[in-house]
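Student: Please construct the entire structure, taking both the sequences and the accompanying hints into account.
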Amino acid sequence: MKALDQLIRDVPPGRTIVVRAQALGLSEGAFVRFANEIKEDEGIDDFDLVQLHRLGDSGWQSLDLLAAGGAGGAVDAVSLRRRKA
598 MKALDQLIRD
608 VPPGRTIVVR
618 AQALGLSEGA
628 FVRFANEIKE
638 DEGIDDFDLV
648 QLHRLGDSGW
658 QSLDLLAAGG
668 AGGAVDAVSL
678 RRRKA
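Per our numbering, numbering through the sequence shown is continuous, rising by one, with the last residue being 682.
It should be emphasised that the hints constitute simulated quantities derived from the structure, not laboratory data.
Positions of the beta carbon are idealized from the N, C-alpha and C atoms, including for glycine.
Any given hint could turn out to be false.
Stated by the list, open to error - Under the rule of at most 30 Å between Cα atoms (straight-line distance), these lysine-lysine pairs were calculated in the DSSO-like manner:
{"hint": "1", "residue 1": "K599", "residue 2": "K681"}
{"hint": "2", "residue 1": "K599", "residue 2": "K636"}
{"hint": "3", "residue 1": "K636", "residue 2": "K681"}
To be verified - FRET-style restraints, in silico, Cβ to Cβ:
{"hint": "4", "residue 1": "R680", "residue 2": "Q603", "range": "29 to 37 Å"}
{"hint": "5", "residue 1": "A682", "residue 2": "E625", "range": "18 to 26 Å"}
{"hint": "6", "residue 1": "L652", "residue 2": "K599", "range": "23 to 31 Å"}
{"hint": "7", "residue 1": "D638", "residue 2": "G611", "range": "17 to 25 Å"}
Tutor: Pasting the structure below:
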């Protein structure tokens, strides 16, 4: 996914980046599938999944990683941390 590669390319080892669905140009459903794939694969490339996020009425909310798999459409962003070398 070229848009994701461009976003995460310069993240130093040990640092975290929050990636929003909007930044990748994905629909909500496509982003939920993307987030579930990362969760099932326990990361992507050299990044670990740290947290899932949902934008609610009162602002950003963190979701429980264990419960979020069945959240069907309730993921708006993911936090990814680059693994240390």
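Student: Taking 17 to 25 Å as the hint, is the beta-carbon distance of D638 and G611 inside that range?
Tutor: holds, 20 Å
Student: Hint check: K599 vs K681, CA-CA at most 30 Å. Holds or violated?
Tutor: Measuring from Cα to Cα gives roughly 23 Å; hence the hint holds.
Student: Between L652 and K599, is the Cβ distance one that fits in 23 to 31 Å?
Tutor: holds, 24 Å
Student: So if I understand the rule, the pair passes when the alpha-carbon distance is 30 Å or less; does K599 with K636 pass?
Tutor: With Cα atoms ~20 Å apart, K599 and K636 stay inside 30 Å; holds.
Student: Does the alpha-carbon distance linking K636 and K681 stay inside the 30 Å limit?
Tutor: Since the Cα atoms of K636 and K681 sit roughly 19 Å apart, the hinted pair holds (cutoff 30 Å).
Student: Confirm or reject the claim that A682 and E625 have a C-beta distance inside 18 to 26 Å.
Tutor: violated, 35 Å
Student: Do R680 and Q603 keep their Cβ atoms within the hinted range of 29 to 37 Å?
Tutor: violated, 19 Å
In terms of the numbered hints stated before, the structure departs from hints 4, 5, listed from lowest to highest.
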